[in-house]
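Protein chains in written order, with my numbering: chain S, 1 to 256; chain A, 1001 to 1219.
Quick caveat, the hints were computed from the structure, so don't treat them as lab data.
Keep in mind that the hints are not guaranteed to be accurate.
[What the hints assert, rightly or not] Simulated DEER-style distance windows between Cβ atoms:
(1) S/117 / A/1112: 21 to 27 Å
(2) S/75 / A/1068: 45 to 51 Å
(3) S/45 / A/1112: 25 to 31 Å
(4) S/20 / A/1038: 49 to 55 Å
[Stated by the list, open to error] Here are the simulated DSS-like cross-link-like pairs (lysine-lysine), alpha carbons at most 25 Å apart as the crow flies:
(5) S/79 / S/105
(6) S/142 / A/1048
(7) S/105 / A/1211
(8) S/79 / A/1157
(9) S/142 / S/79
(10) S/142 / S/36
All C-beta atoms, glycine included, are put in the ideal place defined by N, C-alpha and C.
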Amino acid sequence: MSPTEVAPVLGVSGLSKSFGDHEVLRSIDLTVDRGKVLVLIGPSGSGKTTVLRSLNGLEQPDGGTVTVGGDFVLDFSGKVGAKQLAALRDRSAMVFQHYNLFPHKTVLENVTEGPLVVQRRPRAEVEAEALALLDRVGLADKRGAYPFELSGGQQQRVGIVRALALRPQLLLFDEPTSSLDPELVGDVLTVMKELADDGWTMVVVTHELTFARQVADEVLFLDGGVIVERGAPQQLFTAPREERTKQFLNRLLFPF
Amino acid sequence: MDWDLFWTSLGPIALGGLTGTIPLALSSFAVGLVIALFVALARISGIKILSALARFYISVIRGTPLLVQLFVIFYGLPSIGIVLDPWPSAIIAFSLNVGGYAAEVIRAAILSVPQGQWEAGYMVGMSRSVSLRRIILPQAARVSVPPLSNTFISLVKDTSLASLILVTELFREAQQVAAFSQQFMLLFLEAALVYWVICLVLSTVQSRVEKRLDRYVAH
Ligand SMILES: Nc1ncnc2c1ncn2[C@@H]1O[C@H](COP(=O)(O)OP(=O)(O)OP(=O)(O)O)[C@@H](O)[C@H]1O
Ligand SMILES: [Mg+2]
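Between the sequences and the hints, there should be enough to build the whole structure, so can you do that?
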């Protein structure tokens, strides 16, 4: 085995971020091995989105390092240039809570935009791959549709395909189902389960505990910008060690 | 009402519209939009000196009468040795004017595109300028169609001011026939009618375009 296959796909160490004097992340450490799924849970404002956005360079942490694929290290304590952010984004791809599809482009164009314009891969290859991916999520017949013609669930599946088409090493999901009507959530979660089965390396912020239980290899509970507890889903959900984790899970399971 | 005069003068007036008013409005609008785009980008560049310059330019254009701007360029510049013909003077004045007004429209349109669109552009690997060009501006263009159409319609009417710097356009043709025939009421109403027809056509085109574009904008 080559060293890159042994090294984790994602390594985060000492990640910290403040907005003004509000410390949002306090020295976050985590690793995700190849083909593993990490689920982040935690109350609103705990910093889940900020962690994820940092992994795609959409937020600039004040300190800490992010390692992707073993060979690429980004140290946020120094000055981070556009080249390094581009390299980070070349390795990780994000699925947004509100989809953020390009409304003026068709489904197919949404998916091929990055591979064609940024990665400059040949059109025939890119389109064939995009159509195969759309077909996998049941949307091949929507290739010519515009986002406004799709349901939320369909838009989010396009969002997932757009991320996959970039051929990243790491997939990031920020509450991908939380803007969806309940009956549309299942389709998106099914696609994500299949991706996990296919061996994609994923970091997922979600409140879907059933999904987390079935798919996660590890769950992190974040509160106040600190990792309060981490463990296998079975352990963390059924026998949490920390009081704060217990309270959070209780509130999630029995909101009333 | 002297219908003979109405019909015989319609020819030169309409010709003045076709060879004066419309080309003047179109060329000034095209140049003005290019100016406006750069001024708008300067405004939102985050570079202090650029955005201050852009603000100053917009303030001067919006704070002074168009007729005065036109006179400064045509009658004023010769005293510092810059002599321009009527047409170039008119195009420069109207372009600068459109540049000032449309800059604010374009700036607002760019800012109206949700931040998530920039981020989606970055996510697929685009730089700031590529995101701007391929993701943000096409959406901003769609948002700007209604206000920019209004700017254009105003411009079409404002080009009548060019008659005062001797550009042969619709209103100058009407003035000339009026002076010759002494039928001021008839000729000026006729000129008004032709402007009105042009603007009605433009408004119809505008509402069609708006309906088609609205759907492709992130809300
Ligand atoms: N751009 C910003 N400026 C100032 N404060 C911010 C900014 N972005 C996030 N924050 C703050 O950082 C904290 C963490 O935000 P973050 O979005 O990461 O939380 P979260 O865990 O994703 O919450 P939620 O479950 O509500 O999505 C919050 O208190 C938030 O108000
Ligand atoms: Mg969040």
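Going down the list of hints, with the structure as the test:
no., hint, verdict
1, S/117 / A/1112: 21 to 27 Å, "23 Å, holds"
2, S/75 / A/1068: 45 to 51 Å, "58 Å, violated"
3, S/45 / A/1112: 25 to 31 Å, "27 Å, holds"
4, S/20 / A/1038: 49 to 55 Å, "34 Å, violated"
5, S/79 / S/105, "35 Å, violated"
6, S/142 / A/1048, "45 Å, violated"
7, S/105 / A/1211, "17 Å, holds"
8, S/79 / A/1157, "53 Å, violated"
9, S/142 / S/79, "43 Å, violated"
10, S/142 / S/36, "31 Å, violated"
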